[in-house]
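There are 2 protein chains.
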Amino acid sequence: MLNLLDKTMLAKVADMHEIPQGAFNIRKNGQGVERRTTDNINILTKTDKPGIDIIVKPYTKGESVHIPVILTEESLNDLVYNSFEIGAYSDVVVVAGCGIHNDGCSKSQHDGIHTFNVRKGAKMRYVEKHYGEGAGTGGRVLNPKTILDVEEGATVELELVQIKGVDSTKRDTEVRLAQNAKVIITERLLTDKEQSAESKIIVELNGEGSSAQIISRSVAQDHSKQDFYFDLIGRSASRGHVQCDAIIMHDAKVYSTPRIAAEHSEAQLVHEAAIGRIESEQLIKLMSLGLSEKEAEDTILKGFLK
Amino acid sequence: MLNLLDKTMLAKVADMHEIPQGAFNIRKNGQGVERRTTDNINILTKTDKPGIDIIVKPYTKGESVHIPVILTEESLNDLVYNSFEIGAYSDVVVVAGCGIHNDGCSKSQHDGIHTFNVRKGAKMRYVEKHYGEGAGTGGRVLNPKTILDVEEGATVELELVQIKGVDSTKRDTEVRLAQNAKVIITERLLTDKEQSAESKIIVELNGEGSSAQIISRSVAQDHSKQDFYFDLIGRSASRGHVQCDAIIMHDAKVYSTPRIAAEHSEAQLVHEAAIGRIESEQLIKLMSLGLSEKEAEDTILKGFLK
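Chains as they are written, first to last, in this note's numbering: chain A, 1 to 306; chain B, 1 to 306.
Bound-form chain A, shown alone (with noise of 0.2 Å):
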């Protein structure tokens, strides 16, 4: 049922060169097309609305579900509710991913609404990269929305990136904190030609001794632009800290607002941002060890988004 082009796109957004070990879900097209459980992971689909619920049992412990989605063809517009439980005590990475190939001059998209309950002292990996190819000037669009409640002592760090070729995405994330829970947030985000990216993260820090880490990284290029968003609540004694960096080429426009927000006088939260250009002496250096302007150039980008 997958075909040579399918595999290409599952390697670039979710690392399956082949079929993954552990459960798993590939949706192409809207619909699902191949699916495994495990004994731990079960993988429900949805009866009132398009979505699958993934169920992972308290206390597993080492184990990976990959939900990898596929779009193939022009004019599709794929909408998706998945809901995650994520059980007490467990330890799980779980990998989705959305890549869009469009040969054709209309537009496909896909908005995935994620949920998460990560119960009681849960760790959770979460891996989302986005990708778009294709020869045609229908436009890539990928709106992912993603919302976890993290209860008492659970961990969870997502990362969030968008490779290459999506034309436009509104990113929404949020998560809410329990007493000790904890996030770390990496995100990385490319743009060139004409695209736009908007992406906005807001983190409550409801529960005393939560934290959260957000780590965000951006290259524009050409004529793109990108608009941030961070908001970072601390409503307990609690720690957060959002860190945004963006270098800007070309024509490119970039925007920043964060916002931190103290309602706790034991809430301790630190933004830093910083946005400009390649920095010159580190091109030099390395077009001085033999490589090109656009090697160098390359080279130092490739580095920063890694």
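Any given hint could turn out to be false.
[To be verified] Straight-line alpha carbon distances no greater than 20 Å define the calculated EDC-like cross-link-like pairs of lysine to aspartate or glutamate that follow:
id, chain 1, residue 1, chain 2, residue 2
1, A, K200, B, E272
2, A, K164, B, E272
3, A, K225, B, E263
4, A, K200, B, D231
5, A, K225, B, D231
6, B, K193, A, E266
7, A, K123, A, D78
8, B, K253, A, E208
9, B, K123, B, E63
10, B, K294, A, E272
11, B, K225, A, E266
12, A, K253, B, E295
13, A, K253, B, E63
14, A, K193, B, E295
15, B, K225, A, E263
16, B, K225, A, E85
17, A, K225, B, E266
18, B, K253, A, D231
19, B, K200, A, E272
20, A, K193, B, E208
21, B, K253, A, E194
22, B, K253, A, E263
23, A, K294, B, E295
24, A, K253, B, E208
25, B, K200, A, D231
26, B, K193, A, E263
27, A, K107, A, D245
28, B, K164, B, E266
[Unchecked claim] Partial chain A-side listing against chain B, Cβ under 10 Å, derived:
id, residue
29, Y59
30, G234
31, A246
32, I248
33, L269
34, E272
Derived from the structure by calculation, the hints contain no laboratory data.
Where a beta carbon is used, it is the ideal one built from N, C-alpha and C, also for glycine.
Following the hints, position chain B against chain A.
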């Protein structure tokens, strides 16, 4: 015409312990009460609306102009428009500031709208202190609006200080910088009780080589609330840095919402914000030297806001 209370208020807001050197204009309870002009600095009463025009001749060096405002009655609602023409290649100090002594039980308010044309190559230091006192329950409200057009190669230093006793403030500061123009803004703010303070600072880096540095420090105590908005817009090869630190105590709330907007690939913009409590190590150190907790706190806060 100035009584002892007036003199105390003038000392607080304009460091005026006696009649100052140079030009000055003292406004009391909505009316001008004393004025002095010099050969180089003229002060004219506006004919179309309340307020004055302050005109500094080109090449004026080492002179100052004091324009303090004091309100010593309740129920005042004083709105004033002051326009400044800071001549090319001059080097002057402008001391504004407003003190409200309100012993009554109804509100007294002063809204000062200050517009500056800072001409080519000029240097201006602008000091604005706000202070409230009085036994009454009547609110002491100060809403300053400060708009600066800074021409080529000119430098402006703004010191904006709200010392104490201001129940409600909305501060608006807008700065537009031409080629090689420079602004340094330092803001110091303390709120306590049920006070609220809002400060918006917008800096447009329009000209090539322009630069901006904004340093905001605040202390929020009791049930007070502070809202900060910064907007740093890089429209050319320019540099901007915003640093915003707040100490939060008791049941206070602090919101910091900066935006950095890079609309040019050679704009280098940095923002740093931190909200947190007084560092306990610092407290312990001072207390080990024999200070009470209160004294140690006061010492730290005084140093922080200096």
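(message) Hint check: A/K225 vs B/E263, CA-CA at most 20 Å. Holds or violated?
(response) holds (9 Å)
(request) Compare the distance between the alpha carbons of A/K253 and B/E63 with 20 Å, and conclude whether the hinted pair is satisfied. (result) Roughly 42 Å separates the two Cα atoms, so the pair is violated.
(message) Against the 20 Å threshold, does the CA-CA distance of A/K225 and B/D231 hold or violate the hint?
(response) holds (18 Å)
(request) Would you check the hint for A/K253 and B/E208, treating anything up to 20 Å between C-alpha atoms as holding? (result) holds (17 Å)
(request) Measure nothing beyond the straight line between the CA atoms of B/K123 and B/E63; if it is 20 Å or shorter, mark the hint as holding. (result) Between B/K123 and B/E63 the Cα gap is close to 11 Å, so the pair holds against 20 Å.
(message) Can you confirm whether the C-alpha distance between B/K200 and A/D231 stays at or below 20 Å?
(response) holds (18 Å)
(request) Assess, step by step, whether the Cα of B/K225 is no farther than 20 Å from the Cα of A/E266, and give holds or violated. (result) holds (15 Å)
(request) Verify the proposed pairing of A/K107 with A/D245, using a straight-line Cα cut of 20 Å. (result) Violated: A/K107 and A/D245 sit about 30 Å apart, past 20 Å.
(message) Can you confirm whether the C-alpha distance between B/K225 and A/E263 stays at or below 20 Å?
(response) Distance of about 9 Å is within 20 Å: holds.
(message) Need the status of pair A/K200, B/E272: alpha-carbon distance at most 20 Å?
(response) holds (19 Å)
(request) Hold the hint about A/G234 up to the distance rule: shortest CB distance to chain B must be less than 10 Å. (result) holds (8 Å)
(request) For the pair we were handed, A/K164 and B/E272, check the Cα-Cα distance against 20 Å. (result) violated (29 Å)
When the structure is compared with the earlier hints, violations turn up for hints 2, 7, 10, 12, 13, 14, 16, 20, 21, 23, 27, 28 and 29 and for no others.
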